[in-house]
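For chain Y, the structure is supplied; the task is to place chains U and R with the ligands on it using the hints.
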Amino acid sequence: MENKLMIKLVVGTEAMFFLALIMAYVYFSLLPGFSPQQADHLDIRSTAIFSAFLFSSSFTFWRAEMNFKQGKMTRLKGWLLLTLVLGLVFLFGQGNEYARLLRENVSISSSLFGTSFFTLTGFHGLHVFAGLVVISIITALTFMGDYDRSTSSVFGTVGIYWHFVDIVWLFVFLIVYILPHFHKITG
Amino acid sequence: MTGQLFLNINPSSIFDAASPQAARIRHLTIEFIIAASAILILVVILTSFISIKYRSKRQQEDPKQITGNRTLEMWMVGVPLALVILFFFRSLATMNAVLPDRGNHSPDIIITGHQWFWEAVYPGTTITTANEIHLPVGKRILMQLNAADVIHDWWVPALGGKMDMIPGMNNYLWVTIDRPGIYEGACSEFCGQQHAWMRIRVVAESPGDYTLWLRREAAGAHVPQDTLARAGAVLFLESTCSSCHRVKGTAAAGLTGPDLTHFGSRQTMLTGMMANDSVNLGRWLTDPQQVKPGAHMPRFIFAKDSIRALTAYLEQLK
Amino acid sequence: MDTILVPEPEESLPSLSVSNDQGILQWISSVDHKQIGIMYLWLSVLFLVVAGIEILLVRLQLAIPNNHFLAPEVYNQLFTMHGTTMIFFVAMPAIFGFTTYFVPLMIGANDMAFPRLNAFSFWTTFFGGSLLYFSFIAGGAPDAGWFNYAPLNEYNYSSSPGIDYYCAGLLFAGIGTVTASINFVVTILHYRVPAMSLKQMPLFVWMILINSFLILAAFPSLNAALAMLLLDRQLHAHFFSAAGGGSAILWQHLFWLFGHPEVYIVILPIFGIFSEVFPVFSRKPIFGYSMVIGSGIAIALLAFGVWVHHMFATGLGNTVNGFFAASSLLIGIPTGVKIFNWLATMHGGAIRFSVSMLFAIAFLIEFTIGGLSGISFAIVPIDWQLTDTYYVVAHLHFVFIGGTLFGLLSGLFYWFPKMSGRAPDQRLSRWFFWLFVTGFNITFLVQHALGAMGMPRRVYTYPNLPGWGVLNLISTIGAFLMAGAVGLLVYILVRALNKGAIAASDPWDANTLEWTTTSPPGLKNFDRVIPVKSTRPFRDYKRPEDADWKRQEVAYTEKPPDIDITQNNSHGE
Ligand code: HEA
Ligand code: HEA
Ligand code: CUA
Ligand SMILES: [Cu+2]
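Protein chains in written order, with my numbering: chain Y, 1 to 187; chain U, 1 to 318; chain R, 1 to 573.
Calculated directly from the structure, the hints in this document are not laboratory data. All C-beta atoms in this analysis are idealised placements derived from N, C-alpha and C, irrespective of residue type, glycine included. Treat each hint with caution, since some may be false.
[Claimed, not checked] Covered by chain R, per the in silico footprint, the following chain U stretches (three or more residues, Cβ under 8 Å):
#1 33-41
#2 88-98
#3 161-173
#4 180-194
#5 308-314
Bound conformation, chain Y alone (with noise of 0.2 Å):
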């Protein structure tokens, strides 16, 4: 219960510092000059296909929670198996993304849209790391059958954390991405 709660509270202060972020971006890309040359930049299609990833992630461990409950050990560890390969290969998509801005010359100096759009989606990334790396210990450690007996709150809390990475994604992935879109074609 107390983890729970703890791990609630750690995700609401969490979600004020994304908060805080995110208005620096927009605040950002509402003066002349941002949107039209972060369109250009960013490939909406595969970062649309590393986010799904991502997302799918979320389902994942939640596939995983379940199995816990229901003590179904060995679909547990495939589950959260799974769960670590699709959170590595968001990662790889994003460092993807980056190396190529880097090699185009947008970096976190080189303009205000670089200096906004590293901070933010580089938070985030930082994020899904610090998860991933809380997850290999989990997984390691049902490997290990420290979880054995369904009693641990570990799965619920790092779940709770997990998909919070996950919807601050999809506000990310919206902000960033998906609205200039709009505002391209439209305007």
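Frame of chain Y, contents of chains U and R with the ligands only:
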């Protein structure tokens, strides 16, 4: 040195209003002081009265255990709320009177804050000046406020409220000066090492005097007469002073330091730090960092007579 | 007598395995909430002296006009460090010290929910503070003021590493603060003795609960701003420099979105302390228990809607300013409610003037002065005149010292016997009170006038304008009186710890659970907890015939006959 300097200055507290804007704010301030004093006195009286009356007498029974009282609680919310609402509307009215929308009025003067001096440009004329800012009396003036480096803030208490000068933004302030005089103010946003010495002097002049000043100021710099000053003028151009300072009518056209075209006619130098005289000027040119540490003017290694020449030149730039 | 299960963390308390004879090592490795609380408090005292000495140098420099005692860059570092230290490493740790120490005791728990996280929070805060001060050695302390405005905080204008240390230090302290708050919330919600309902919690615990949520919502904004600033300074990002397309004003929004709630973060727990002190020393229950809670919540909510009142002079326009003026004016009302609640608590009581109560009574007046000057800023045109002058300095010290510090001192004298098992010298403590209060008023009352006379804040020196020299000299003298007082306080505390009289476990005839244990409490707080049936369980226990819960039962059946107090008070209104 400084004692002499400020004799001819109007007192400059927020209560010495010399503009209708400042007067309105003063009015509101006084209303507030009255209301606030009433509240404070009430609290002081209640506190002392209760403390004295209900001080514990030895061996006393527990007093009556009262936990609340709805009526009283309503009063506790109601009275302050009423006061606060009153002041809210009073302040809205004052805000709109003091700082109405600019509309399409174009600024009468553009002042830019630099670390650590003021640059003033008079649109419609060729005049650029620094630090001592001349304005006409009786005219409603729109000031545009900008910053060249960090945030500064324009504040002359007798003329009304402040306004920040923020890099990348244009801010505006209205002012109508009632009577001629010199009004002291100061930069009121912390802007680094010499924020303390970024004082403001507004020289308010009657329309006649002001026109005269405009005419004099628009003219090019005084051409040095004696040999010493002429040597100074040459030095000024040669020793890169000209890359930072402008002296209209000469080749000196730098823009990073204060305009010196009519430097000799200013009473103070270094934004109110000291009187503008040859001793101070000599010290400044010998080692700026000694006089105003951190100022963005490098130290030049001059011989004594170079300093004397430069001083002579600058003093003649009336 | 019923005994009640004492909640403690599920895993065995790690602290219980640490024996008590390991000296300093035992403190460093401790996860016991009381030891951590005491370490927070000492950290706070240490930094109070440091930040106090910094500002004494500043006051010396300002004692006379055109003084050359301090170079400008030194001056700027000193006042920046003074403000930053006082807020983040004096006020916050002191509050957290009392919180970690007393929240578990007041709710009848044996420790915090997460004892190791508690230790982590303290040590990160400690590390943050050390990092901030390391800047002095590393090439210069931060020098852009405690709110560190852009673009002055950018590398171009402040190239010494001070501001990097400011960012890093505050980030660490911020992480410590946030984790501690999470711990508090979980402890309060899950570790109360089962009998204690939310509506029976001591008000101090209530205020901490509200405050913790405030912290969780406010600090991320600061952390985000600090992270952005570090990116600007280290990786040449462009958040706050207009030259790179960024926005200087964005820093202000982010900072004050944190900064304003922050000033309430350091006052709400104080309101909690006073809500314990007033009833105990008036021998009456708090007047309007639920109103104190309600107004606390109102303050916490409003705190997020007023930040622009620090930016009235940035040219945001009259509409925006008007909105934030309204919210800032409104926030005075719940605060006023509390002041009157405490007055009404005293009314009709039997007041004992312990040092703790003296600070509480002085607070009523000093804080009202500070609060009213706050209200004057909320009236935008007045703020246009007075912002960034010494009038602001006066305001902030009246609320910080007359509010926060008085509250902490009141709490200190209230709880010191419980924490140490010893009683501080009465006579000296009274001397301390009068010296401190006198010094405080001398120092800061005159600054209201200085501000109105046109003296900006943060100036390392000033011209010899009429009156300025005298008033500043008075202010400096007051500062030295305060310094004497603080020195005396340290002496009183150290002496009391060494040879103070042994304190009883319940010296004040108090109401709440922390007084039911020994003084100081054993490593394990409680074996059993007395029954909790009202907000004053210990009083109920001591005076069963006059127990609150009995009276409440009567109150439900017949109308309360307490009319006289209305009459007495309402003609005062
Ligand atoms: C503990 C900290 C604390 C507290 C409690 C407060 C309380 C308040 N503050 Fe203050 N404030 C600061 C700390 C605090 N402040 C600091 C540190 C700064 C400066 C930051 C910096 O620039 O460095 C600052 C600056 C500051 C400003 C910006 C000034 C400027 O820079 O231009 C403003 C503007 O509105 C303001 C307003 C208020 C208001 C309306 C309250 C209200 O909450 C006050 C409410 C209390 C009362 C009103 C008194 C009791 C009430 C009654 C007796 C009832 C009757 C009252 C009425 C009818 C109104 N404060
Ligand atoms: C909790 C907050 C707090 C507290 C308690 C104080 C306490 C004091 N403050 Fe502080 N102050 C701030 C918060 C606080 N301040 C903030 C936020 C700012 C704004 C900073 C900024 O602009 O960025 C500020 C700014 C500020 C200024 C304005 C500087 C400027 O604008 O240029 C001044 C000037 O007088 C001042 C004075 C004092 C004084 C005299 C005390 C006194 O009360 C201090 C009393 C304590 C002591 C003097 C220590 C005594 C110790 C000893 C003598 C040692 C004894 C030793 C042993 C026994 C071993 N403060
Ligand atoms: Cu410019 Cu302060
Ligand atoms: Cu505020």
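Evaluation of the provided hints:
{"no.": "1", "hint": "33-41", "result": "holds (count 3)"}
{"no.": "2", "hint": "88-98", "result": "holds (count 8)"}
{"no.": "3", "hint": "161-173", "result": "holds (count 10)"}
{"no.": "4", "hint": "180-194", "result": "holds (count 11)"}
{"no.": "5", "hint": "308-314", "result": "violated (count 0)"}
Comparing the model with each numbered hint stated earlier shows that hint 5 is the single one that does not hold.
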